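Those protein sequence lines, which keep their order, are chains A and B. Everything in the first sequence is counted per the UniProt record's numbering, starting at 1 for the first residue and increasing by one. Everything in the second sequence is counted per the UniProt record's numbering, starting at 1 for the first residue and increasing by one.
Because the hints were derived from the structure by calculation, they are not lab data. Predicted model, so just to flag it, every value in this text is computed and none were measured. There's no promise every hint is true.
Copies of the same chain look alike in the list, so a pair counts if it works inside one copy or between any two.
Unchecked claim - Here are the simulated lysine to any residue pairs, SDA-like style, with alpha carbons at most 20 Å apart: (1) 92 x 71; (2) 96 x 71; (3) 152 x 76; (4) 92 x 60; (5) 33 x 80; (6) 96 x 155; (7) 23 x 114; (8) 152 x 109; (9) 33 x 146.
2 protein chains.
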Amino acid sequence: MRRFLRKISRNSRSPEDGIFFEKLAKILGFDPKDLKYYRKAFTHRSSNKLDENGIPFNYERLEFLGDAMLGSVIAAHLYNEVPGGDEGYLTKMRSKIVSREHLNELGRDFNLVGFVESKVNSSQFGENIHGNLFEAFIGAIYLDRGYTYCEKFLRTKIIKQYVDIAQLEGKVISYKSLIIEWCQKEKMPFSFDFVEDNGIEGQKYFGVKLHIDHKVISKARATSKKKAEEKASQRAYFALQEKISKK
Amino acid sequence: MRRFLRKISRNSRSPEDGIFFEKLAKILGFDPKDLKYYRKAFTHRSSNKLDENGIPFNYERLEFLGDAMLGSVIAAHLYNEVPGGDEGYLTKMRSKIVSREHLNELGRDFNLVGFVESKVNSSQFGENIHGNLFEAFIGAIYLDRGYTYCEKFLRTKIIKQYVDIAQLEGKVISYKSLIIEWCQKEKMPFSFDFVEDNGIEGQKYFGVKLHIDHKVISKARATSKKKAEEKASQRAYFALQEKISKK
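If we strip away everything but chain A, and leave its shape as in the complex, we get (with noise of 0.2 Å):
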């Protein structure tokens, strides 16, 4: 019933709104409601577009809105996951993972920069576009589906993936060292397979597939070689975490 809903719903939207849809839910894993939101997260001030009462509209505004949510659902998580740390320890820890360039890691992960509609081009935005949209983002989904959905993003698909806690502590320096180490231990062949990927508007990123023991068992994308092996090697180490920890 609710996938039969869903579908009339979708088939009241234009061609271009249907697409539009479709990307979104694909990000964050579950339905948006009103477009609405996550257009103006996506209007660069550049476009000079103005609402229906004259007001200036961009994504500035969302940009604010985001960054208070973020502030939040990071305050929380980080307090329930850290019992022992003290306020100095949860304030130094958040503005790690708040960290401009961690949100512009975000934000260019999820490729935000190609939904923006722009008179000027992406190329001239500067590198924390990304992480600016990503914040914007997060506001737009508070705006359309409320504060517990927007936790529910940052929680499955941030904070699981993005947010480790023992690597922010600097206890974990490589990702790529602990995952040898256990295949060498394991007796497991293992290799990092790079995969050509143009990217988009120019920027350059390279796909890698690790493979262990003949299976992929993480991808990843970054902008550099080390960086994407570093990345699919810690997503390898969570997958892996119950094996590893208990050799």
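Given chain A's structure and the hints, the job is docking chain B onto it.
The following block gives chain B in isolation, referenced to the frame of chain A:
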């Protein structure tokens, strides 16, 4: 039925917990579920308490959490309330709302320091204890009842009564003068009547009742007569807002 269940659950508490519960419910506007979070929110570092795992516990971690929740609720409020404000404006307004001075005022008004168990005399805590306790209290509400209730408390008990965007913008200098002006225009008698208020813990407070047309329109309590008058005037202004703006 709900009342009945509530009564049963209340009767199962110790007398001490029962009093704490009633006091909290009065401040919150809804029932707390688990008192332990609030006990923690009112535990000062000087108590040297340890939890069941031997980790020192006091309200400092909850301050971090409450600060984050406060930040996101206020961000959403400003985003919706000031559609024409850009990112810089929103950021500035939020800082004013969550300023140390303002948080101290809130903590003081709710008399949160009255809940603190500590080995130090509370007069030694310094002024910021009030704001710190207020933040910790917000953190406790979040842990106890979740984001929705935390937001509900902040909207009904804080934003509605304390957050006045016009005043923060400096557009309204004095509510007392607005009230006096309106009373004179309407030819209505008014008076500020001070009541004795010995406060707690040696801090001197002034209570005031604002009578307009021989009726008590609002009351307030503050550390100076001037502040109490202004606060009572602000409350009267909001109570009479429809009438005032019609003229």
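Results for each hint:
1. 92 x 71: both (12 Å within a copy, 17 Å between copies)
2. 96 x 71: This pair counts as both: shortest intra-copy Cα distance 11 Å, inter-copy 18 Å.
3. 152 x 76: Both: 13 Å inside a copy, 18 Å across copies.
4. 92 x 60: between (25 Å within a copy, 14 Å between copies)
5. 33 x 80: The answer is between: 18 Å across copies meets 20 Å, while 30 Å in one copy does not.
6. 96 x 155: Within one copy only: 17 Å inside, 30 Å across.
7. 23 x 114: Answer is within; shortest intra-copy Cα gap is 11 Å, inter-copy 53 Å.
8. 152 x 109: within (18 Å within a copy, 35 Å between copies)
9. 33 x 146: within (11 Å within a copy, 23 Å between copies)
Violated hints: none; the structure is consistent with every hint.
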